[in-house]
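Colleague: Residue-level listing of the chains:
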Amino acid sequence: MENGERGYTEGNLGLKMIQVQNLKRIYVMGKVEVHALKGVSFDIEKGEYVAIMGPSGSGKSTLLHQLGLLDIPTSGEIMIDGVDVLSLSDHEKTIYRLTRLGYVFQEYAILGELTALENVYLPLLMMGKRRKEYINTSIGILETVGLGHRLHHLQHELSGGEQQRVAIARALVNEPKILFADEPCANLDSDSSKQILELFRKLNNELGQTIVMVTHEDWHKEYADRTIWLKDGLIEK
Amino acid sequence: MFKNLKVSFFLAWKSITRGNKGTLILTVMIMSLIFVNLIFLPSIISGIGESINQLSIDYLCANLIIEPKEDNFYINNVDSIQKKLNRLDGVVGTSSRYVTGATFTHKSKFVSGAIYSVNPTDEIVVTKFHTKLIDGEYLSKADTDEIIMGVELTGEEGVVGEQADLGGVTVGDKIEVTFSNGVIREYRLKGIYKTGPMGTDKFAFITKKEMESVLGLDNQASEILVKISQRGDEEEFRKKFMEIGISEDIKTWEDRMAGVVESMLSSFNLINLISAIISLVMAVVVMFIVIYINIVHKRKQIGILKAIGINQRAIIHSYVIQALVYCFSGIIVGSFLLLFLTSYMTANPLEFPMGAVTPLIESQLVIQSIISLIIVSLIAGFIPSWKTAREDILKAIWG
Ligand SMILES: Nc1ncnc2c1ncn2[C@@H]1O[C@H](COP(=O)(O)OP(=O)(O)O)[C@@H](O)[C@H]1O
Ligand SMILES: [Mg+2]
Chain R
1 MENGERGYTE GNLGLKMIQV QNLKRIYVMG KVEVHALKGV SFDIEKGEYV AIMGPSGSGK
61 STLLHQLGLL DIPTSGEIMI DGVDVLSLSD HEKTIYRLTR LGYVFQEYAI LGELTALENV
121 YLPLLMMGKR RKEYINTSIG ILETVGLGHR LHHLQHELSG GEQQRVAIAR ALVNEPKILF
181 ADEPCANLDS DSSKQILELF RKLNNELGQT IVMVTHEDWH KEYADRTIWL KDGLIEK
Chain A
1 MFKNLKVSFF LAWKSITRGN KGTLILTVMI MSLIFVNLIF LPSIISGIGE SINQLSIDYL
61 CANLIIEPKE DNFYINNVDS IQKKLNRLDG VVGTSSRYVT GATFTHKSKF VSGAIYSVNP
121 TDEIVVTKFH TKLIDGEYLS KADTDEIIMG VELTGEEGVV GEQADLGGVT VGDKIEVTFS
181 NGVIREYRLK GIYKTGPMGT DKFAFITKKE MESVLGLDNQ ASEILVKISQ RGDEEEFRKK
241 FMEIGISEDI KTWEDRMAGV VESMLSSFNL INLISAIISL VMAVVVMFIV IYINIVHKRK
301 QIGILKAIGI NQRAIIHSYV IQALVYCFSG IIVGSFLLLF LTSYMTANPL EFPMGAVTPL
361 IESQLVIQSI ISLIIVSLIA GFIPSWKTAR EDILKAIWG
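Quick note, the sequences are listed as chains R and A, same order.
Under my numbering, residue 237 is the last one in the first sequence; the count climbs by one each step, no gaps.
Under my numbering, residue 399 is the last one in the second sequence; the count climbs by one each step, no gaps.
These aren't lab readings, by the way, just hints derived from the structure by calculation.
There's no promise every hint is true.
[To be verified] Using 25 Å as the maximum straight-line C-alpha spacing, the simulated PhoX-like pairs for lysine-lysine come out as follows:
(1) Lys132(R) x Lys14(A)
(2) Lys202(R) x Lys221(R)
(3) Lys177(R) x Lys3(A)
(4) Lys83(A) x Lys251(A)
(5) Lys129(R) x Lys6(A)
(6) Lys93(R) x Lys300(A)
(7) Lys395(A) x Lys38(R)
(8) Lys387(A) x Lys6(A)
Kindly produce the complete structure, drawing on both the sequences and the hints.
Modeller: What follows is the structure, given as structure tokens:
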């Protein structure tokens with residue numbers, strides 16, 4: 001199953017990584033219904049780096065939650081790498097997230113009681129990898145995100161940008177099919193933001209990593225291959 | 001499964017070692033006190049029960065007591081029975097006694113009660129009356145005109161009221177004894193003893209020789225007390241006695257005392273039960289609060305764990321493991337506290353009417369307490385974490 005996934009080359013373009021059909025998400029709050037997604041359809045190809053943009057409240061996070069299997073859409077279809085992910089059971093979704101997806105939250109969602117290294121290797125531990133393997137892999141990834149010198153620091157000993165890079169390293173450690181990032185730079189200054197955007201660019205260029213990133217900063221879209229614009233729960237262009 | 005457990009232990013361990021030390025210490029302290037509470041009071045009560053048992057053995061019936069068969073008033077051929085018994089390995093001594101009713105009179109005071117006779121040289125091996133004299137001396141084998149009495153029979157001088165005693169006779173006083181067969185004799189009070197609350201301080205003793213002359217009997221007895229070297233072997237010896245042909249009624253002290261200690265301690269046992277239940281409820285509440293607060297604090301972390309694909313069960317188990325670690329640490333610390341308390345109280349025993357009482361920790365109680373605390377921790381660790389881990393991922397992360 002893992003065969004053929006190694007090199008994401010130009011030749012892979014054209015294969016669908018994500019196919020979304022008429023996706024709707026309605027939040028019911030008492031008598032009020034919020035139509036956060038009103039029927040969204042799009043495709044993302046293998047190895048693409050896509051930015052999702054739109055004004056605040058347009059449904060960007062909601063969309064990413066559906067794609068990242070963190071929420072259940074009201075209706076519609078999501079195929080990821082040919083798998084109808086909405087038909088998976090809760091348990092299968094958990095395993096899918098663990099082994100196939102990487103997710104970076106807007107806030108630095110790392111675990112406070114774990115060091116940078118432990119945060120990163122936790123998914124590998126869960127996957128049952130051997131100690132030597134999960135330590136080495138995690139150190140390698142932390143070095144890639146520029147944190148080789150912060151392996152044993154706890155959350156409160158790391159700056160915001162460093163914490164976010166730990167979260168990114170953790171999202172990447174399982175070699176995910178797709179890296180989802182929801183405004184990963186929202187709480188960072190522009191220098192740290194640039195570092196992260198360039199890191200994504202590099203991951204996409206060098207490893208062919210498929211990336212779906214939500215952002216609302218105009219200049220961020222320069223880093224992506226393509227931009228999907230959302231407005232009021234619908235794709236604008 | 002194994003992967004899950006590895007992650008659970010990993011998360012639990014990091015949480016304990018990197019979490020709040022104050023909370024950890026407080027929780028372990030509380031658990032240890034609960035453990036002590038579960039064991040300490042019951043072991044004092046067991047200690048009291050044990051004292052009563054020991055008193056029964058020392059003053060009432062020794063380890064085994066042989067009584068006449070139904071319908072018979074006396075055991076016959078006592079000398080040969082005693083010889084047979086004394087020959088057995090593990091039998092420390094035997095003492096044959098006559099018991100009869102008597103009325104004791106001194107001046108205008110008179111009291112009815114029981115009078116025993118003993119062969120002093122046999123008796124001192126079997127019971128401990130001779131160590132409990134508060135005045136005068138114990139009987140000698142050849143004494144014929146002397147008597148010793150318990151303090152409840154002699155009474156104390158100056159104490160007024162309706163006590164059934166002789167109003168404070170002292171050593172040297174002449175006591176007139178009217179035996180149940182009508183014989184009346186006068187004895188000099190040779191000694192006064194005080195043994196405790198078992199009713200034995202109402203007795204009076206004369207020598208066997210004197211009693212046989214009063215009753216006109218020979219080589220008979222109302223009861224034979226048998227002391228063995230190892231308490232706990234009574235049942236075995238009862239069988240042995242039957243095997244060597246003792247056809248009288250053989251009872252162990254436990255048969256003889258059946259229900260006495262239980263009824264003396266029945267109100268204690270209720271207190272005990274209530275205190276145990278309160279302790280356990282406390283344990284549940286404390287563990288629940290600790291784990292619950294811990295988890296409320298970590299809702300977001302649990303959400304993140306689930307979001308990155310950590311199995312729900314692994315998360316729940318990590319909290320259950322934490323609860324168990326608190327529990328076991330509490331038990332270990334509590335054991336040290338108990339050890340300290342009991343060794344202190346063994347050195348400085350509590351004074352009770354039945355004498356010095358030291359706590360008696362029964363292993364069954366310890367095992368019971370450990371098991372209940374483990375069950376309590378399992379429940380208190382499981383429920384809050386299960387509820388939280390089942391929550392929606394996004395709700396957990398964003399509140
Ligand atoms: N859990 C929720 N319950 C109710 N309404 C929600 C919830 N999450 C988001 N919404 C609503 O859905 C809409 C889209 O939200 P969101 O996807 O967070 O927008 P964006 O990320 O583009 O700012 C908003 O109107 C928001 O108020
Ligand atoms: Mg958002």
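Colleague: If a hint holds in the structure, say so; if it does not, say that too.
Modeller: Taking the hints in turn, this is what the structure says about them:
{"no.": "1", "hint": "Lys132(R) x Lys14(A)", "in the structure": "holds (20 Å)"}
{"no.": "2", "hint": "Lys202(R) x Lys221(R)", "in the structure": "holds (15 Å)"}
{"no.": "3", "hint": "Lys177(R) x Lys3(A)", "in the structure": "holds (23 Å)"}
{"no.": "4", "hint": "Lys83(A) x Lys251(A)", "in the structure": "holds (19 Å)"}
{"no.": "5", "hint": "Lys129(R) x Lys6(A)", "in the structure": "holds (11 Å)"}
{"no.": "6", "hint": "Lys93(R) x Lys300(A)", "in the structure": "holds (19 Å)"}
{"no.": "7", "hint": "Lys395(A) x Lys38(R)", "in the structure": "holds (22 Å)"}
{"no.": "8", "hint": "Lys387(A) x Lys6(A)", "in the structure": "holds (22 Å)"}
Checked against the numbered hints given earlier, this structure breaks none of them.
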